[in-house]
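Using UniProt numbering, you'd call the opening residue of the sequence shown number 1 and step up by one each time.
These are computed hints drawn from the structure, not numbers from a lab.
Don't be surprised by glycine CBs; every beta carbon is placed ideally from N, CA and C.
A hint or two may mislead.
For lysine-lysine, the following DSBU-like pairs were computed, each having C-alpha atoms within a straight-line distance of at most 30 Å [claimed, not checked]:
{"hint": "1", "residue 1": "Lys44", "residue 2": "Lys25"}
{"hint": "2", "residue 1": "Lys58", "residue 2": "Lys25"}
{"hint": "3", "residue 1": "Lys58", "residue 2": "Lys23"}
{"hint": "4", "residue 1": "Lys44", "residue 2": "Lys23"}
{"hint": "5", "residue 1": "Lys44", "residue 2": "Lys58"}
{"hint": "6", "residue 1": "Lys58", "residue 2": "Lys75"}
{"hint": "7", "residue 1": "Lys75", "residue 2": "Lys25"}
Distance windows between CB atoms, simulated [what the hints assert, rightly or not]:
{"hint": "8", "residue 1": "Pro26", "residue 2": "Cys54", "range": "16 to 26 Å"}
{"hint": "9", "residue 1": "Lys66", "residue 2": "Gln87", "range": "35 to 45 Å"}
{"hint": "10", "residue 1": "Met63", "residue 2": "Ser86", "range": "29 to 39 Å"}
{"hint": "11", "residue 1": "Lys58", "residue 2": "Arg29", "range": "10 to 20 Å"}
{"hint": "12", "residue 1": "Pro38", "residue 2": "Gly100", "range": "16 to 26 Å"}
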Amino acid sequence: MCDLLPTQDIAECQIHEEESAVKEKPWARLLPLRGSIPALDLVKDSYTFGRDDCCDFKFSHNMFDKSAPFSAFSKLHFRIARESTSQGLLVFIHDLSSNGTFFERS
Numbered sequence: 001m002c003d004l005l006p007t008q009d010i011a012e013c014q015i016h017e018e019e020s021a022v023k024e025k026p027w028a029r030l031l032p033l034r035g036s037i038p039a040l041d042l043v044k045d046s047y048t049f050g051r052d053d054c055c056d057f058k059f060s061h062n063m064f065d066k067s068a069p070f071s072a073f074s075k076l077h078f079r080i081a082r083e084s085t086s087q088g089l090l091v092f093i094h095d096l097s098s099n100g101t102f103f104e105r106s
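Work the whole structure out from these sequences, hints included.
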């Protein structure tokens with residue numbers, strides 16, 4: 001007869017499932033004003049946005065209507081980060097684009 005490796009108890013597996021089901025509370029939520037961009041809960045301290053696969057939030061063609069040229073978005077367009085300071089937690093938007101970033105059309 002061959003030796004079998006031990007298996008996990010069912011109770012032990014259930015504990016791991018319950019631990020992974022616990023979600024961290026977001027510190028902010030980004031809500032789209034138009035288009036088909038999904039809402040995004042911010043949990044990590046920093047998020048990058050752009051067209052590149054390495055971005056935390058990747059822009060795609062189908063998120064925007066035809067009036068916004070997709071090519072205007074840089075591969076690495078901007079970063080939103082929260083930082084702890086002596087004044088408390090502050091949120092910053094860092095422009096990383098090569099084309100400029102417009103905030104409220106300015």
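Give me the numbers of the hints this structure contradicts, sorted from smallest to largest.
none
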